[in-house]
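Using the sequences and the hints given, assemble the complete structure.
4 protein chains.
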Amino acid sequence: MAIEGSSKETRQEPIRLGMVGGGSGAFIGAVHRIAARLDDHFQLVAGALSSTPDRARASGRELGLDPSRIYSDFREMAIREAKLKSGIEAVAIVTPNHVHYAAAKEFLKRGIHVICDKPLTSTLADAKKLKRAADESDALFVLTHNYTGYPMVRQAREMIANGEIGAVRLVQMEYPQDWLTESIEQSGQKQAAWRTDPARSGAGGSTGDIGTHAYNLGCFVSGLELEELAADLDSFVPGRQLDDNAHVMLRFKEKDGARAKGMLWCSQVAPGNENGLMLRVYGSKGGLEWTQKDPNYLWYTPFGEPKRLLTRAGAGASPAAARVSRIPSGHPEGYLEAFANIYTEAARAIHARRNGETVDPAVTYPTIDDGMKGMIFVDACVRSSKRNGAWIKVGGLGDGRDNSAVAG
Amino acid sequence: MAIEGSSKETRQEPIRLGMVGGGSGAFIGAVHRIAARLDDHFQLVAGALSSTPDRARASGRELGLDPSRIYSDFREMAIREAKLKSGIEAVAIVTPNHVHYAAAKEFLKRGIHVICDKPLTSTLADAKKLKRAADESDALFVLTHNYTGYPMVRQAREMIANGEIGAVRLVQMEYPQDWLTESIEQSGQKQAAWRTDPARSGAGGSTGDIGTHAYNLGCFVSGLELEELAADLDSFVPGRQLDDNAHVMLRFKEKDGARAKGMLWCSQVAPGNENGLMLRVYGSKGGLEWTQKDPNYLWYTPFGEPKRLLTRAGAGASPAAARVSRIPSGHPEGYLEAFANIYTEAARAIHARRNGETVDPAVTYPTIDDGMKGMIFVDACVRSSKRNGAWIKVGGLGDGRDNSAVAG
Amino acid sequence: MAIEGSSKETRQEPIRLGMVGGGSGAFIGAVHRIAARLDDHFQLVAGALSSTPDRARASGRELGLDPSRIYSDFREMAIREAKLKSGIEAVAIVTPNHVHYAAAKEFLKRGIHVICDKPLTSTLADAKKLKRAADESDALFVLTHNYTGYPMVRQAREMIANGEIGAVRLVQMEYPQDWLTESIEQSGQKQAAWRTDPARSGAGGSTGDIGTHAYNLGCFVSGLELEELAADLDSFVPGRQLDDNAHVMLRFKEKDGARAKGMLWCSQVAPGNENGLMLRVYGSKGGLEWTQKDPNYLWYTPFGEPKRLLTRAGAGASPAAARVSRIPSGHPEGYLEAFANIYTEAARAIHARRNGETVDPAVTYPTIDDGMKGMIFVDACVRSSKRNGAWIKVGGLGDGRDNSAVAG
Amino acid sequence: MAIEGSSKETRQEPIRLGMVGGGSGAFIGAVHRIAARLDDHFQLVAGALSSTPDRARASGRELGLDPSRIYSDFREMAIREAKLKSGIEAVAIVTPNHVHYAAAKEFLKRGIHVICDKPLTSTLADAKKLKRAADESDALFVLTHNYTGYPMVRQAREMIANGEIGAVRLVQMEYPQDWLTESIEQSGQKQAAWRTDPARSGAGGSTGDIGTHAYNLGCFVSGLELEELAADLDSFVPGRQLDDNAHVMLRFKEKDGARAKGMLWCSQVAPGNENGLMLRVYGSKGGLEWTQKDPNYLWYTPFGEPKRLLTRAGAGASPAAARVSRIPSGHPEGYLEAFANIYTEAARAIHARRNGETVDPAVTYPTIDDGMKGMIFVDACVRSSKRNGAWIKVGGLGDGRDNSAVAG
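Going down the list, the protein sequences come from chains S, C, D and F.
According to the numbering used here, the stretch in the first sequence is residues -9 to 398, in order.
According to the numbering used here, the stretch in the second sequence is residues -9 to 398, in order.
According to the numbering used here, the stretch in the third sequence is residues -9 to 398, in order.
According to the numbering used here, the stretch in the fourth sequence is residues -9 to 398, in order.
These aren't lab readings, by the way, just hints derived from the structure by calculation.
Be aware that one or more of the hints could be misleading.
If several chains are the same, the list does not tell them apart, and a pair holds so long as it fits within one copy or across any two.
Stated by the list, open to error - Straight line, CA to CA, 30 angstroms or less: simulated BS3-like cross-link-like pairs of lysine-lysine:
#1 99 - 73
#2 180 - 275
#3 180 - 243
#4 376 - 275
#5 275 - 73
#6 119 - 99
#7 99 - 275
#8 99 - 75
#9 383 - 99
Pasting the structure below:
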């Protein structure tokens, strides 16, 4: 082993956490719980893990919750926990998308921090209301665009911000999967069922489920804002109600004197791709390439020099990467660690709030605005595709008023 | 070494070859000569290697040509060689694009087979005239879309034709390079100068130079015909006259009950990409992935099974791949071998002609029609981009009359 | 996301865990704590984190331990915790190697389960005493040869046991690193200092630190027992007291009618290798290849067929891999998850003990015997190298009496 | 395309080449012919392609040879061609190993340059005689250790000679194949039959066929001389007469104050390995890694910096690599091009001889001494293995008198 343990932060009492959704058998709930636990910054103490009382109770017991803090109604949980002396300080919302808004607002308005799965909501209307709720609340709103938690993603962002690839010209994003190649939603696969159902997922299928991740990653790393997009969406599988493949061309707002362009491809019908999120960014002075399935590597080419393989915690690792790394280079960290990094960054912010301190400016996590941007992206993709791939302008976030995408 | 030499074809007298263009210092001329020589099917006996007499003479001597068969005017060469008893049987045309048509027609009309570099011509008007000339000639017209010569590309095409990935849904093509990241055409780099000059290259920059390769490859392997495209072209480098990056969305004609879509990205400003031609094709039953820089591999995923790494001449190699392989698996063949495969396929056809035999139906090489399709592709990209990415329909090839792209 | 959460086991009260060693700044202590926490099977409640009282106290507070359960003497901790009604049920020993034996025996003799870092001890004499202590105790002894926790390592082992590569002929192990390329132990790097110090590490340098991992992995996956070895050890860095590179040839005992051979290379002076543990096993019917830095992949070649890339939780994942996987394929799990798998397997065994149940035979973790084998391996390497690479037979484990390596 | 054609050498008349062996169906004969032809430096004009007259005639006709220069006896060919005014200047010997010596000496003594396949001969006794014949002749003797022709191999050698990785400590060589996993020599596979037959191959099986390549590559790149080795050879396949797997430990002579060590593994029974020649060299300041199946890449790690992926003709390509490259980076060159580089280097030397000039010191090809070293290596492996892996010293080449390996 080559490195010493990372410099310790002062020990803080773990944050009391509740969870909405995530009962037995839910994939993403288990992921959130591991992520919350990994760095020992959170303690799960309450839950509305299901809206079905029996299932809520069984799931809560399974997780060792105090029976008095097992709920089947998130509103009741919010009300009661807000009154408890040692009630929850934060809540993780891991329900299907259409419940996000209703749940989040109950906690936000009671000053309980919200850590919410993506995409933000199932409709743009809900998203706008949720943004208002978040803006009006003192509590933090953290969106788990977990891929931004990977150390080499942080490093790519930092390198671009430092000008190491010059002015960005190209942002190539892709996120192919293959698990919906066949019509498994019709044979009762639960994950497939809700993710292909407009009522529970919203207007976007692959665009909402994974396109938002790719788009968020592209913006996060490049530091660019989208100006407009043109999209061509498909449902290749007969009978599927939502898109399972999207081709998108993007034009970004001017920055550093360049107007970058990009492409985004997301698909759930590309056999051989398990979870192929990939980002490539090219500028006037160099290029960066990262792929999620091999997340400890970042390819960096300063133009005119040999390609370099940067590794997590290895030679050339930047401060932004180092602060979200746990173990030495060559010992791979993965998806759960990246997810935990979002939780740990949230914990740092929450601890600062608790202690009346300013949050360290290095603390980085996806916010309500990232969520809004994702919703606007999905909305714009759907609208562009309906208009045969016409270019759709997406404005600022603001409150949605001066925003053609939102207004559209 | 694990395999015996491949079954021998009967020895044929080498084909007498002339060359137009390709004087000293020209990259692609040297490639054509190696390709012609590799399998010993051609003998270079005449050349109009440059239109500058001194340079033509020096270049011809360098190559050991008989001084009486060194020309500085391709027309003169065509006329004289056509009259010689042992005049050239075929000519390789390796000039900049704008000379292709004028040169090719002189040989075609005298019954001399033409092997021509791509893209077909610099203008669609020339392309249409060249198609007419080729159609009216008894001589063969072979276009060196050399990437179709790679064994694993042949295998991919054969597997798809055999239904091994089901109905094709997606054709993802990309061809990033980085050598035009900076404005080297302004500092006298010769290759850059003519390739970024509309007068010599035509309307397409990266689209013509490399986009046509990617598009040709996608069509060749998938067996699909394009229906329409929407393109967004850029010249990121200030002062550049032709596109150096293109984002294209594609819709193919229906086949096997599916209407496939695709994306094509070509770029000459993506640092870290030397010659990154890649093709990925996904169908209802599986996926295939190939990348030019590692050409001896083909990734194949039958949906629901583990990914398989097929190798040239290895276990699982198909007949179509085997017939264009020279050496056992694990011994990499590369770019020159693939290029030589085009020449060797041409030789097989020429030998058959010479012997009054039918050409073996397995013989495969890019034709005038592939060249036309490439020209139509470039034209459609340029027109779509000028109309802000509007969808442009591309019709059949025919003679260009019933073809909106050609007519447009 | 493609898969449902894995089938739930019934909730068990977390196991009360103590820790010896692992104070602030110790790399491996932090790893053990994350591993223990990840699946929520352990709760750290006591610690002798340092033998220096002040440091022990500070480290304990940092981890939120009850001050009454912070110790600076592991013996005192063992005595007192054994008497507490809710004293620790298990202890993690994460000190330098020379302390393992003394610490472990105090807990073993009081019926407290021991989870101990590798290598087993610093001397073969200590190892034999520790084996006796473990054999005489009712408590479990778990050695954290963590690389056996990777799902694809489990799968490789299962495939070989099932005969999928036929009779094993070759076991090629390697574990190159580069962090000791220069003499950093002389400039005060703490990790380097104790790992290159015979008094704290034992007779083996790279052989003990990483060679034991590679050897353990080779035996674990192949299911073979070593018969003899010949080794050539070096200290390339001037002044270094222990080996920093080892070349070893191995002969295994007959199995399935074949006598397999192997090579093992471990190095800490191979620039460009961060943590390059790799295992390749070849049999009469196929081959398997795995590398730690890309742990979610396993290459499998049935002889005469194309190579297949098996992925964690992907198509072709075996039961042995699936039971130690948390998340869907394409979402990489890494080093910490594999380490946690050792803890979780230990927890399953401890829970069974607690409940008076039989341990599920699928539960798999490295034992005292694996530790003994590692010590015998190091001892044999050192002895062989001293005798100019003579072959050294290693006998059975037994009690060391009938064992030439132990007796030697 | 990014680069101009490489600077031209002055045109030389092609060298008149004869061939011994390589009749129809012989794999390596066809490879030599392509290699000789690729750069247009040789013209095949005579051949004793088989010792069976009918087969010799048919093979010669197949290749378009003048019937008067088709022989079935290499001695006759040597005698007659030596007398012809335009007789052959060089001969390629591509027979099974046991014929190399007898054939080569006939040409050498008549001043005809010899290009000979490896290994040098089938016995050490023959090798010594051949060395004497080569030393006494004015003609050149070139051994086709073709892997030294790869550009990135040349670059690795140059970088090490320039001190870029410091003093070499480790040379790790491996060459696994799988084609002899089963006993195909007993079912009549011709290549397998002679390569596993001591009478035709010599004392070494995998050691002679591929081990010599790996060993030659390790010495060529590292610039080191072997001092001694210890080997463990096996024939895993029942009934096989020669080794099909070898594990070897090596100690090199001191250089730059360091005594490097190495391992060599060659195998023909490792399923999943087609032609897995790999070389890794580590020094006090950096490391280099190259693998034959991806030959256009060279991994370079300056210690303490990120790994760099050097590419053929790419950024960072060295002069030694550039002079044996034909086409721009990103366009893969392969096995045949590397093989042709040996021929082209030979041609440069032969041209210099012909013109009475000094050979450019940059010209590099394997010589009779490299062949001797390979024979000594095989001999030492076999002797060590028979003595249970005892270390065998290999002395200088000299004339074989002061050389324990040769004398032994």
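Taking the hints in turn, this is what the structure says about them:
no.	hint	result
1	99 - 73	within (13 angstroms within a copy, 49 angstroms between copies)
2	180 - 275	between (47 angstroms within a copy, 22 angstroms between copies)
3	180 - 243	neither (40 angstroms within a copy, 34 angstroms between copies)
4	376 - 275	between (38 angstroms within a copy, 28 angstroms between copies)
5	275 - 73	neither (56 angstroms within a copy, 56 angstroms between copies)
6	119 - 99	within (13 angstroms within a copy, 63 angstroms between copies)
7	99 - 275	neither (47 angstroms within a copy, 49 angstroms between copies)
8	99 - 75	within (17 angstroms within a copy, 44 angstroms between copies)
9	383 - 99	neither (33 angstroms within a copy, 54 angstroms between copies)
Checked against the numbered hints given earlier, this structure breaks hints 3, 5, 7 and 9; the rest are met.
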